[in-house]
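Undergrad: With the hints as a guide, bring both chains together as one complex.
Chains as they are written, first to last, in the working numbering: chain L, 81 to 470; chain U, 8 to 133.
It is worth saying that the hints were derived from the structure and are not from the lab.
By construction, the Cβ of each residue, glycine as well, lies at the ideal position given by its N, Cα and C atoms.
Possibly wrong hints are sitting among the right ones.
Stated by the list, open to error - Far from chain U, some chain L residues (derived; all Cβ distances over 10 Å):
#1 Ile109
#2 Met127
#3 Ala140
#4 Pro146
#5 Val212
#6 Asp213
#7 Pro263
#8 Arg305
#9 Pro313
#10 Ala358
#11 Asp361
#12 Cys383
#13 Arg445
Stated by the list, open to error - Where chain L lies over chain U, by a calculated footprint (3+ residues, C-beta under 8 Å):
#14 60-67
#15 80-86
#16 113-120
Chain residues, written in single-letter form:
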Amino acid sequence: MTPADLRGSVAIAGIGQAGLGAAHGSSEIEILAQAACRAVADAGLSMRDIDGLATASAAATMWPLPVCEYLGIRPRFVDGTMMGGSSFVTHMLSGALALLSGQCDAVLVCYGSTQRSAAVGRREIAQMRKRVDPQPYEYPYEPVLPVTAYALAAARHMHQFGTTRRHLAEVAVAARRWAQLNPEATARDPLSIDDVLNARMVVDPLSVRDCCLVSDGAGAYVMVRADRARDLPQRPVYVLGNASATWNRQISSMPDFTETAARESGERAYAMARLGPADMDVVGLYDAFTINTLLFLEDLGFCAKGEGGDFVMDGAIAPGGRLPVNTNGGGLSCVHPGMYSIFLVIEAVRQLRGQCGARQVPGARTALVHGNGNTLSAQATAILGTAETL
Amino acid sequence: MGEIGPEKAYHDALAAGTLQIQRCAGCARHVFYPRVLCPHCGGTDLRWRRASGRATVYSSVVVRRRGQDGGDLNVCVVDLEEGVRMMSRVVDVPPEEVRIGMAVRARIDAGPDGPLVVFVVDGEQA
Chain L
81 MTPADLRGSV
91 AIAGIGQAGL
101 GAAHGSSEIE
111 ILAQAACRAV
121 ADAGLSMRDI
131 DGLATASAAA
141 TMWPLPVCEY
151 LGIRPRFVDG
161 TMMGGSSFVT
171 HMLSGALALL
181 SGQCDAVLVC
191 YGSTQRSAAV
201 GRREIAQMRK
211 RVDPQPYEYP
221 YEPVLPVTAY
231 ALAAARHMHQ
241 FGTTRRHLAE
251 VAVAARRWAQ
261 LNPEATARDP
271 LSIDDVLNAR
281 MVVDPLSVRD
291 CCLVSDGAGA
301 YVMVRADRAR
311 DLPQRPVYVL
321 GNASATWNRQ
331 ISSMPDFTET
341 AARESGERAY
351 AMARLGPADM
361 DVVGLYDAFT
371 INTLLFLEDL
381 GFCAKGEGGD
391 FVMDGAIAPG
401 GRLPVNTNGG
411 GLSCVHPGMY
421 SIFLVIEAVR
431 QLRGQCGARQ
441 VPGARTALVH
451 GNGNTLSAQA
461 TAILGTAETL
Chain U
8 MGEIGPEKAY
18 HDALAAGTLQ
28 IQRCAGCARH
38 VFYPRVLCPH
48 CGGTDLRWRR
58 ASGRATVYSS
68 VVVRRRGQDG
78 GDLNVCVVDL
88 EEGVRMMSRV
98 VDVPPEEVRI
108 GMAVRARIDA
118 GPDGPLVVFV
128 VDGEQA
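Isolated chain U (complex conformation) (with noise of 0.2 Å):
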C-alpha cells in the first residue's frame, strides 16, 4: 500500500507530541488501540482527533520490585473521556496512591522505547 499504518501515524504524531485518537465516522465511536477499521461496527472511515487529554482511573495497581530493578511501579487503566481506555501510570505521586476514580490528564514523556503517554494528577478536573 505504501501508506502509513495507524499504528506507526500513532507513535509519529507522539513523537511530535500530540496524543491522537481515532473516531469512527460510520457509528461515531472513538477508538483505541489504532486499527484500520472499527472493533464496534466494522465501518473503515476513522479518522484522527486529538484527544482531550482528560481521563479517569479505572484500575490501578502497584508491581512489587526491587530497589535494583528499579523500585515499586504504579500500572493503571484510564477511561479517556472519549470513552476509551488505555494502560498507563500515573507518575506524579507515589504508586500507592494511584485511586481508581482518580481525575488525571495526560503528558507525554520520554519512554525507553520512544515517546510514552504518561497521566499526573489532574488538580483542575473536579
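Just chain L, same shape as in the assembly (with noise of 0.2 Å):
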C-alpha cells in the first residue's frame, strides 16, 4: 500500500469553534469540549461515538489524558503528537490510516487555548518553556521566539530576492479584506499598506502588523470514513492528500532559511492527491507572520522561489484577486490562539460545503491547507476536495 491508495477514502463530517477572540470566563479545556461537541454534532454523531482522538497544546505534556476524561470518551486510537502549530494537519493523516485499519470508526481532532486571556498566558508558558525545553545555542542572544526567527527569514527573502517590507504589507492587507468578509474574524478595522508600512516595529523588518493575532479559540472536526461519511448529514469533504516533513528545529539549523520543509510536504500531499498548484480552487497557508505566505506560496509551487512578493502585489490573494488564500481572514485577522492550523481546516471545510457566504469561493471543489509549525520547523500540507473531486 501506498499514500496514494488512501486518497479519498477518509471524510471530514463535522467541524466546530468556540470562544474565538476572548473567551473571558471560559477556560482552556471548557471551549475545546464546546468546540468538540458542535463538530460531533455536525457531523450527525454524539460523543459516544468518538473512538479516535488527536489533540495537542503547547503547554500540558500529557494532552490527551485531560481530554479524554473530560469529553467522556474511551478512544481505541488517540494521537498527541506535537509539532507546533501544523499538528492538526498532521494528525490527519494517522486519524486516517487509524479509520483505514479498523482501528477506530470516528476521530476527534481538537485544539483549543485560553493564551489571551488566562492568567498563566503566552508569556509564562515562553517563560517555562526556556526553563524545560532549553535552546542553549540561541536563547543566550535572547531572541524573543518566534518572532526573530520569521524575521531572520524575511531579511535572507529580502537580501536574496528583492522582496520588501512593501510585498510584507500586501498580505497583510489581504489577509484583512478576507477578514471584512468574516462575521468571525477578530480584526476587521480597515487596514492600509501605509497603516502596515508605518505600524510600531517588533522585530525588524517585522512591524506588529506582519505579526499574527494573539487570541484565544477552539476549533475541532470529525473524520470517518467515506462510506460512513455519504450517510451524514453535511457535504463530506474528502482527503486527497496529506504529508509532514520537518527539517530542524532552531531557526539557527535552518539549511536555507528561504525554503521551508513545505517544499517536501507539498510534493508528497500532490502527489498523494494526484494534483497540482494549478487545480487548487482554495488555499490556506498558517500565515503566523507575512512572510509565511510568501515562503509557502513559492514552496508549495504557486509561484517560483523568489518570486512571491511580486506574486501577492495588486491584491492578487485578496477578494477577487487570482488566487483566493486565507478567506477566513488568518491568523494576522481572523483567529490565532498560538496553534492555528486546526481554523485552516475547518475554513477548508466550509468553502468546500459552500457555507462561507459573502467570502464563498463560487464552486470551490478542491482547497490545500497548509500548516507550520514552531520556528519555520514543522511543515504538514494537506490537500481536501468535494465528492467531484474522487
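TA: Written out as C-alpha cells, the structure is:
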C-alpha cells in the first residue's frame, strides 16, 4: 500500500469552533469541549460515537489524558503528536490510517487555547519552556521567539530576492480584506498598506501588523471513513492528500532560510492527491507572520522561488484576486490561538461545503491547507476535495 | 558513562577562551551545535577543532526593545568559514548597521549565564 491508495478514503464529516477572540470566563478545556461538541453534532454523531482522538497543547505534555477524561470518551486510537501549530494537519494522516485499519470508526481532532485571557498565558508558557525545553545555542542571544526567527527568514528573503516590506504589507492587507467578509473574524477594521508600513516595529523587518493576532479559540473536526461520511448529514469533504515534513527545529539549524520543508510536504501531498498547485480552488496557508505566506506560496509551487512578493501584489490573494488565500482572514486577521492549523482545516471544509457566505469562493471543489509549526520547523500539507474530485 | 558530553565540553572550552567546533572523521564535514553523532552521515567519530572565528553574516534583525529593557538588540545568524551556522550578535556596530554578507570575527564575551560567542566587524577580510 502507498499513501496514494488512501486518496479519498476518509472524509471530514463535522467541524466546530468556540471561544474565538477572547474567551473571558471560560477555561481552555471548556472551549475545546464546546468546539468538540459542535463538531460531533455537525457530523450527525454523538460523543459516544467518538473512538479516536488527536489533540495537542502548547503547555500540557499529557494533553490527551485530560481531554479524554473531560469528554468522557475511551478512545481506541489516540494521537498526541505535538509538532507545533501544524499538528492538526499532521493528525489527519494518522487519524485516516487508524480509520482505514479499523482501529477506530470516528476520529475527533481538537484544540483549544485561552493564551490571551488566561492567567498563565503566552508569556508565562514561553518562560517555562525556556527552563524545561532549553535551546542553549539560541536563548543566550535573547531572540524574542518566535518572531525573531521569522524576521531572520524575512531579512534573508529580502536580501536574496529583493522582497520588500511593501510586499509583506500586501499579505497583511489581503488577509484583512478577507476578514472584513467574515463575521467571525476578530480584526475587521480597515487596514491600508501604509498602516502596515508605519506600524510599530517588533523585530525589523517585521512590524506588529506583520504578526498574527494573539487570540483565544478552540476548533475541532471529525473524520470518518468515506462510505460512512456519505450517510451523514453534511456534504463530505474528502482527504485527497496529506504529508508532513520537518528539517530542523531551530531557525539557526535551517539549511536555507528562504526554503522550508513545505516543499517536501507539498510534493508528497500533491503526489498522493494526483493534483498540483494549478488545480487548487482555495488555499489556506499558516500565516503566523506575513513572510510565511510568501514562503509557502513559493514552496508549494504557486510561484517560483523568490517571486512570492511579486505574486501577491495588487490584491492578487485578496478577495477578487487571482488566488483566494486565507479566506477566513487568516492568523493575521481572523484568529490565532497559538496553534492555528485546525482553523485552516475548518475554513477549507466550509469553502468546500459552500457555507462561506460573502467570502465564498464560487464552485470551490479543491482546497490546499498548509500548516506550519514552531519556527518554520514543521510543515504539513493537506489537500481536500468535494465528491466531484474523487 | 561518566565522560563529559559535547555540550559541556564546548562550554568548558569557551570558558577557557577557545571556540572549538566538531569535525566528522567519517564525512569530513564540520558540525554545529555540538552533538554525539554527525547529523550529515550518522557517524560518531567527531573530533574537536579550533574554529578560525572568521564568519559571514547570513541574516540579521533588530529586536526592538524599550530603553528600560536594554534597548534595541541585534540578533544575527552567521556562517563560520568551516561551513557551519550559528546564532549570535554583532556587538561593535549599532544593531541596524549589521548587514547580510558582512565579514565578522568571533570574540568570546561574558554573557549573563557564562561565556558567549559574539562577533565584531572584521576589517581584515575583503
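Undergrad: Against this structure, judge whether each hint is valid.
TA: Right, here's what the structure says about each hint:
{"no.": "1", "hint": "Ile109", "result": "34 Å, holds"}
{"no.": "2", "hint": "Met127", "result": "44 Å, holds"}
{"no.": "3", "hint": "Ala140", "result": "27 Å, holds"}
{"no.": "4", "hint": "Pro146", "result": "34 Å, holds"}
{"no.": "5", "hint": "Val212", "result": "16 Å, holds"}
{"no.": "6", "hint": "Asp213", "result": "15 Å, holds"}
{"no.": "7", "hint": "Pro263", "result": "34 Å, holds"}
{"no.": "8", "hint": "Arg305", "result": "39 Å, holds"}
{"no.": "9", "hint": "Pro313", "result": "50 Å, holds"}
{"no.": "10", "hint": "Ala358", "result": "32 Å, holds"}
{"no.": "11", "hint": "Asp361", "result": "35 Å, holds"}
{"no.": "12", "hint": "Cys383", "result": "22 Å, holds"}
{"no.": "13", "hint": "Arg445", "result": "40 Å, holds"}
{"no.": "14", "hint": "60-67", "result": "holds (count 3)"}
{"no.": "15", "hint": "80-86", "result": "holds (count 4)"}
{"no.": "16", "hint": "113-120", "result": "holds (count 3)"}
The structure is consistent with each of the numbered hints, conforming to all of them.
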